[in-house]
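Taken in order, these protein sequences are the chains called U, G, D and W.
For the first sequence, the numbering used here begins at 662 and goes up steadily by one.
For the second sequence, the numbering used here begins at 662 and goes up steadily by one.
For the third sequence, the numbering used here begins at 956 and goes up steadily by one.
For the fourth sequence, the numbering used here begins at 956 and goes up steadily by one.
Among the hints, a few may not be true.
Claimed, not checked - Straight-line Cα separation of at most 35 Å, DSBU-like style, residue types lysine-lysine; simulated pairs:
{"id": "1", "chain 1": "U", "residue 1": "Lys681", "chain 2": "U", "residue 2": "Lys827"}
{"id": "2", "chain 1": "D", "residue 1": "Lys1000", "chain 2": "U", "residue 2": "Lys831"}
{"id": "3", "chain 1": "G", "residue 1": "Lys705", "chain 2": "D", "residue 2": "Lys1060"}
{"id": "4", "chain 1": "U", "residue 1": "Lys705", "chain 2": "U", "residue 2": "Lys798"}
{"id": "5", "chain 1": "U", "residue 1": "Lys831", "chain 2": "G", "residue 2": "Lys827"}
{"id": "6", "chain 1": "U", "residue 1": "Lys817", "chain 2": "U", "residue 2": "Lys850"}
{"id": "7", "chain 1": "D", "residue 1": "Lys1128", "chain 2": "D", "residue 2": "Lys960"}
{"id": "8", "chain 1": "U", "residue 1": "Lys681", "chain 2": "W", "residue 2": "Lys1060"}
{"id": "9", "chain 1": "D", "residue 1": "Lys1012", "chain 2": "G", "residue 2": "Lys817"}
Unchecked claim - Label pairs and their in silico Cβ distance ranges:
{"id": "10", "chain 1": "U", "residue 1": "Tyr899", "chain 2": "W", "residue 2": "Gly1054", "range": "37 to 43 Å"}
{"id": "11", "chain 1": "G", "residue 1": "Gly805", "chain 2": "U", "residue 2": "Ala903", "range": "44 to 50 Å"}
{"id": "12", "chain 1": "W", "residue 1": "Ala1169", "chain 2": "G", "residue 2": "Ile869", "range": "41 to 47 Å"}
{"id": "13", "chain 1": "U", "residue 1": "Gly754", "chain 2": "W", "residue 2": "Pro1077", "range": "35 to 41 Å"}
{"id": "14", "chain 1": "G", "residue 1": "Tyr899", "chain 2": "U", "residue 2": "His905", "range": "50 to 56 Å"}
{"id": "15", "chain 1": "D", "residue 1": "Arg1011", "chain 2": "U", "residue 2": "Glu911", "range": "52 to 58 Å"}
{"id": "16", "chain 1": "W", "residue 1": "Gly1141", "chain 2": "U", "residue 2": "Pro803", "range": "51 to 57 Å"}
Hints in this document: simulated from the structure, not taken from any laboratory.
Where is the CB? At the ideal position from N, CA and C, for every residue including glycine.
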Amino acid sequence: MVFTSHEIEQIAARIPDGAKIALPPDYSGCAMAVIRALIRRGAKNLHIVGVPSVGLQGDMLIGAGCVATLETAAVTMGELGIAPRFINAAKQGSIKLLDGTCPAIHAGLQAAEKGIPYMPLRGILGSDLLEHRDDWKRGENPFGEDDPLVLIPAIKPDVALFHVAKADRKGNAWIGVRRELMLMAHAAKQTFITAEEIVEEDLLADEIVAAGTIPGLYVTAVAEAKQGAWPVGLGGRYAPDAAHIAQYYEQARSDDGFQRYLADHVYAPKAAE
Amino acid sequence: MVFTSHEIEQIAARIPDGAKIALPPDYSGCAMAVIRALIRRGAKNLHIVGVPSVGLQGDMLIGAGCVATLETAAVTMGELGIAPRFINAAKQGSIKLLDGTCPAIHAGLQAAEKGIPYMPLRGILGSDLLEHRDDWKRGENPFGEDDPLVLIPAIKPDVALFHVAKADRKGNAWIGVRRELMLMAHAAKQTFITAEEIVEEDLLADEIVAAGTIPGLYVTAVAEAKQGAWPVGLGGRYAPDAAHIAQYYEQARSDDGFQRYLADHVYAPKAAE
Amino acid sequence: MSDCKPEELLIAAIADMLTGLRHVAVGNSSPIPGAAALLTRARSKGELRVSLLGSRKHTAFTDGGKELFDCAAEGRIDAFFLGGGQIDGEANINLVGIGEYPQTKVRFPGSFGSAYLYYLIPRVILFREEHTDRVLVPKVDFISAPGTSPANVYRPGGPHALVTGRCIFDFDKQAKRFTLRSVHPGHSVQEIRENTGFDFDMPASVPETPTPDAETLALIRGRIGEEIAETYPAFAARVFAAA
Amino acid sequence: MSDCKPEELLIAAIADMLTGLRHVAVGNSSPIPGAAALLTRARSKGELRVSLLGSRKHTAFTDGGKELFDCAAEGRIDAFFLGGGQIDGEANINLVGIGEYPQTKVRFPGSFGSAYLYYLIPRVILFREEHTDRVLVPKVDFISAPGTSPANVYRPGGPHALVTGRCIFDFDKQAKRFTLRSVHPGHSVQEIRENTGFDFDMPASVPETPTPDAETLALIRGRIGEEIAETYPAFAARVFAAA
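The shape of chain U in the complex, shown without the other chains:
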């Protein structure tokens, strides 16, 4: 059964320390309210998988000391440039980096979705990424001659976490064309979702809506979170809060500034929630 009456804090409590957690980029539906709750509960040793990159979520979790390992094709805050806490951690060597490339992350998740141990992939050969990824292997095309491939092992997150516009009481969640969220839910052992609204109708009842819906079958729990993606945006609903993100970017460039940001916007009496 899917529970749709969870509070944000309950979701954060169900994501254990050390979990491998798949997160979308800033444009694809970020459960920011849960990210703040994870920081509040002092989550530790998370292994973040950016699908295929992460933005503010990754930067905040890294800055707050929640992250042990970062597996991603990039960390980016879009137009603002580079993510400050990530940059700092990379320079300090304080987190383990598993630098990847977008299609390899998608392929690894697809392998998990299919229950197969790996997916062969083109490209990558000759990239230094391959030199530093002990978990990737070189292989040969058994259907060709002297045709090297890279073999990407399945990425099976413990948790997929994201935010959607709508979910229903059965845990069905509408994602529209954001199919990478469906891939995450299919691949992960548990999927936690926040939704702008929880509706009473069955999102699978109408085929037009169903076509963009993750079935509750894959969903562990849903919590309602109005403006749950804030300060990043939610496609079709609201734009990013550019002023707030710019302020974050400025504050997060120093350790002190970042701590002040956390105090004001994460630890403060649930201003945002």
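For chain U, the structure is supplied; the task is to place chains G, D and W on it using the hints.
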């Protein structure tokens, strides 16, 4: 550019003899009008790929002598039982059979969709299917020990052919939850579609509709075909013509009966079209 | 309960095998297993999820034809049903044909997903109403999917039981043999011996397959009859006089 | 045409490289390449398809994040743009960092899809406005994606040209070297030599990058400015005073 002003016969003319043609099962949107046109134009040596099985389309094309190779997980006419022309051809040995299994056909198409030479798969080992499929290989899991796998080569159809409820002037085609049709279009070199109606609005403009839409990017040509799936049904639009299919089933049990069926319903002055 | 129809008995017997599971999938053309899954769901108070292929209402898949197989490979489906043109004593199933492949004398529709799902779904129930030595053979002519696999083959799934119109067999993966579990009312062990082409084990005393109680029968004839009629109207009309 | 802004010159120059193609994709954070692709589309009378990532209106993908990569692997994308924190004379690109990995002194965002798309898309245009010997280096510290590959590596794609704020280079895959194609108005070969960290070839006489004609400029400032503003409002406001 996608052409949406084609006639049925033009689509059939653009599917060459010898083409590897991917077809859906009876419940998933069959371009029956084009199938009849292919028979009328005397198509030869087609290699049918059932995705993952075929029904009436396969039986008719086989009966009419259009098929050299049949690659499918099954040929079935649902409740009526076995497809009569297929059974006859199998007994006669008049077509080459590549018996497969549903997930291997999906995996082969996914490999083509990803531009990779093969996809590893669980299961199948110990099945006699593997003994008869020279194109499948056994492999080992390079990430495990003594963990045999089957390697399924990419299936890249020359043509994907199916029928949908709606397409627009840009060749975008709405398929709802029938994502196997999208997989076919992604995997195939060319995709021909018939549609109940060609609408003037852009199916990608609204994200709710877009979520169930194949972009025109993958579509070679679209022809309007009212009742284009008849006598099989089109989900959400019309049910199969059970009486007609039962009549087909009876007639197709004999060579003479099948020829009479063709004369009455395929060669006759476009009764159905 | 002498007015219990054979189909109702089978529905109830199969439903009992599904109790406590989280997700049961049922393939196309399977009205009795479909009704059984819906019955278990009705009794589970919503704990059991049923994916009835071919149904608009009772399937939750939104990722195309591959989703059933991906879902099974990830361990998200607990039980499934397979049949067979031939089934042998080692639970090998043949959905391809009789005689030498490819030019078989008798041709069946094909293997569908059996060569995958049989390996990956923990509880596969073999279901075939026709119980004759034409179907239940010493050795199948073509193995669409084997009953058991060597230890190194990844195989969390496999045959759990074989349900026919005459009886229920359990399958022992270690011994690679069927054991007669129960005989349906009106049938006998002797009759089953005569109509089964393979050798099997049996206890000293073979129980009768229990008939469903009044409450279960009412549920089958009421709600389940209505639910299954969406996908199998002809079956529902014939068995429950409801369409 | 002295009132042509540098951005407009680059848009027109890149657009010329896309003429005759069927499908151009443009990654996130790429307003100039995005505008160039939209310009080519406008002139192609609809023959060119543009997939502008980050745009709701000018992207046709409906299969999630993987679709761009699958599409490229199938040969359905003719041109794409990549940048680099460092780019070297063999067209290797570095999007990871400067110094020893993983504890780099300077860290860039990461490789994104470069380690794939650079191999598979026939015409990859390297674009980096900053033309200094800090960016254009003799050898990158980290190869996110190599400029060329051994003969046995499947590689239908690779670098076509390098466009900077000062000039355009062509890339020769056989020689593994850049050749100076043209210098933008107001810049000199001497200046390019001084600001380029790698060695490159050049013809005896290096032409000036052509400035767009009045018609093109009007198109850029009109329709293209409006179209690009959907995805890059700040860029459009700054360059075209249109948002």
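Numbers of unmet hints, in rising order: none
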